[in-house]
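S.K.: In the order they appear, the protein sequences are chains H and S. Just so we're aligned: 1397 in my numbering is position 201 of the first sequence, and the numbers increase by one with no gaps anywhere. Just so we're aligned: 1351 in my numbering is position 155 of the second sequence, and the numbers increase by one with no gaps anywhere.
Among the hints, a few may not be true.
[What the hints assert, rightly or not] So the derived list for chain S, only partly shown, Cβ under 7 angstroms to chain H, looks like this:
| no. | residue |
| --- | --- |
| 1 | Tyr1218 |
| 2 | Thr1219 |
| 3 | His1221 |
| 4 | Val1393 |
| 5 | Gly1399 |
| 6 | Trp1419 |
[Stated by the list, open to error] As a list, the in silico BS3-like pairs of lysine-lysine whose alpha-carbon atoms are at most 25 angstroms apart:
| no. | chain 1 | residue 1 | chain 2 | residue 2 |
| --- | --- | --- | --- | --- |
| 7 | H | Lys1317 | S | Lys1361 |
| 8 | H | Lys1465 | S | Lys1395 |
| 9 | S | Lys1361 | S | Lys1417 |
| 10 | H | Lys1317 | H | Lys1465 |
| 11 | H | Lys1467 | S | Lys1467 |
| 12 | S | Lys1317 | S | Lys1467 |
| 13 | S | Lys1361 | H | Lys1395 |
Derived by calculation from the structure, the hints in this document are not laboratory data. C-beta: ideal position from N, C-alpha, C; glycine also.
Number of protein chains: 2
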Amino acid sequence: MNIVIAGLGIIGGSFAKSIKKYTDHHVIGINRSPRPLQDALACGAIDEIGTTASLAQADLLILGTFPEVAVSFVRDNAALIPANCIVIDSSGIKSDICPELSALSRQYGFPFVGCHPMAGKEQNGFSASEADLFQNASCIIIPCTGTPQDVDTIARLAIKIGFGKVVYSTPEEHDRMIAFTSQLPHVIACSYVRSPVCKNHNGFSAGSYRDVSRVAHINEKLWAELFIENSQPLTEEIDLMIQHMSQIRAAVTNGDRSALEALLAQSRKIKEELGE
Amino acid sequence: MNIVIAGLGIIGGSFAKSIKKYTDHHVIGINRSPRPLQDALACGAIDEIGTTASLAQADLLILGTFPEVAVSFVRDNAALIPANCIVIDSSGIKSDICPELSALSRQYGFPFVGCHPMAGKEQNGFSASEADLFQNASCIIIPCTGTPQDVDTIARLAIKIGFGKVVYSTPEEHDRMIAFTSQLPHVIACSYVRSPVCKNHNGFSAGSYRDVSRVAHINEKLWAELFIENSQPLTEEIDLMIQHMSQIRAAVTNGDRSALEALLAQSRKIKEELGE
């Protein structure tokens, strides 16, 4: 396949590197700024630097940009995308953008398949990308306007470049789950480190501090967009979290050890039932 | 030294194993139930199974029990502890128990030094103990009634058995810091996993879920005691956490992207200034 990747940040760059490492596909990079393209070409992550004109040869277009940019890129270039070119995104939210991309897909005749690689780290940009970023991670696929054959093409590619499994979902289920598994931990980390004692944690901290605070090293532009575009499921999770913390707080303040033990035991059992 | 360890759980057991691995000291184990003693003797973590009568020969007594049991153990056996035997505890809270143990120390003439190894994991019991659990961890020391020479003996032993550094503190500072670095992450993890969608996280989760939820696999009896004995600093941290989460929630609900970016950027800068 000729694969065009638009946006060579950590995710687009990792797609490029993993496709070149694990497949024989031809990879063409497009990016707003030239530096990631030069770096990607130099390290063999792409075979050539492209322009939007390269879309005419594409069998697969991978959108590696922020969600809103993914939509505007496709809108601006929809007429250039061949009808046999599968378009996939890599956004962390789906309800907001899958309908728009599906509508463009129907209008211009190319298939669109929503995709969310459940991998990342607290750095970003092409320099943070890795050929093995997706190793054993889950690849969430939202079929949208893709045929079963298109979806199968994407699922096979995902497994070939290192994903551990493919999970099929809907935009609504995806966003509700991601609000909990990914967005809420970022809200937690960013809220946590703002305690005034945080700056003095050294010498008094260990794994618990490290793990809870890790993703506070956040890309605020990306995550502000993701949070606001998933406002309702996220605020529901924040409200639940505050409610559960308040229950523990009340038991602590009242010195009610049996109520506190019961609350904590509930949580332990949830982890045990999950085998974690 | 003859070292008596009372309580062979994960921490007492790791003291035993690391002392046998890295020093030539003679280690005597005491435990309420016989099984950990037999296991510890069988694997060479202790040189002999002792009784409270063994305290008469001790140069160092390490209390590996829950905080309240540490106090009652010393109270019940204070008359058996020689005046030249340094007593250290390993509790996660200090303001509540250091004064009591210091008072017993003054009354009976032995030195007491508060100690908190900043290491652990989400399992417990002797079977979870490791000779290298303390590798590179911080050992917090509260001098209490120990002479500078006693404190130095403990600090040298800590470094010898693998701790990366020794930090000196007061009971009040210790408890304020631990409320943030250790207790709040446990409150967070236990509150987090109680979301109703948690049980379906597989396939939709990655490192963020794993890291935030890890310590929800909690020993509820130990942590209920620790939380209630550190009620004031902990509830202050919970309140701050709820306040910071509510600020993010408000910006999300209002769709106020610049306010949200500003909040998240604050957190990113805190991590950057810490070099994390």
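S.K.: Each hint needs a verdict: does it hold in this structure or not?
M.R.: Okay, the hints, checked on the actual structure:
Interface restraint check: Tyr1218/S against chain H, minimum CB-CB distance 20 angstroms, threshold 7 angstroms, status violated. A distance limit of 7 angstroms between C-beta atoms decides the matter here; for Thr1219/S the minimum to chain H is near 23 angstroms, and the interface restraint is violated. The restraint placing His1221/S at the interface with chain H is violated, with a minimum CB-CB distance near 25 angstroms, outside the 7 angstroms limit. The restraint placing Val1393/S at the interface with chain H holds, with a minimum CB-CB distance near 5 angstroms, inside the 7 angstroms limit.
With 7 angstroms as the threshold, the beta carbon of Gly1399/S comes within range of chain H, its nearest partner Cβ sitting at about 4 angstroms, so the hint holds. Interface hint status for Trp1419/S: upheld, as the beta-carbon distance to the closest one in chain H is roughly 6 angstroms, under 7 angstroms. Taking the CA atoms of Lys1317/H and Lys1361/S, the gap is near 28 angstroms; set against the 25 angstroms cutoff, the hint is violated. For the given pair, Lys1465/H sits about 11 angstroms from Lys1395/S by alpha-carbon distance, which is consistent with the 25 angstroms threshold.
Between Lys1361/S and Lys1417/S the alpha-carbon distance is near 29 angstroms, which puts this suggested pair outside the 25 angstroms criterion. Simply put, Lys1317/H and Lys1465/H have alpha-carbon atoms about 29 angstroms apart, too far for the 25 angstroms limit, and the pair is violated. Under the criterion of a C-alpha separation no larger than 25 angstroms, the hint pairing Lys1467/H with Lys1467/S is inconsistent with the structure, at around 29 angstroms. At roughly 24 angstroms between alpha-carbon atoms, Lys1317/S and Lys1467/S fall within 25 angstroms of each other, so this suggested pair holds.
Of the supplied pair hints, the one linking Lys1361/S and Lys1395/H holds, its CA atoms being roughly 18 angstroms apart against a limit of 25 angstroms.
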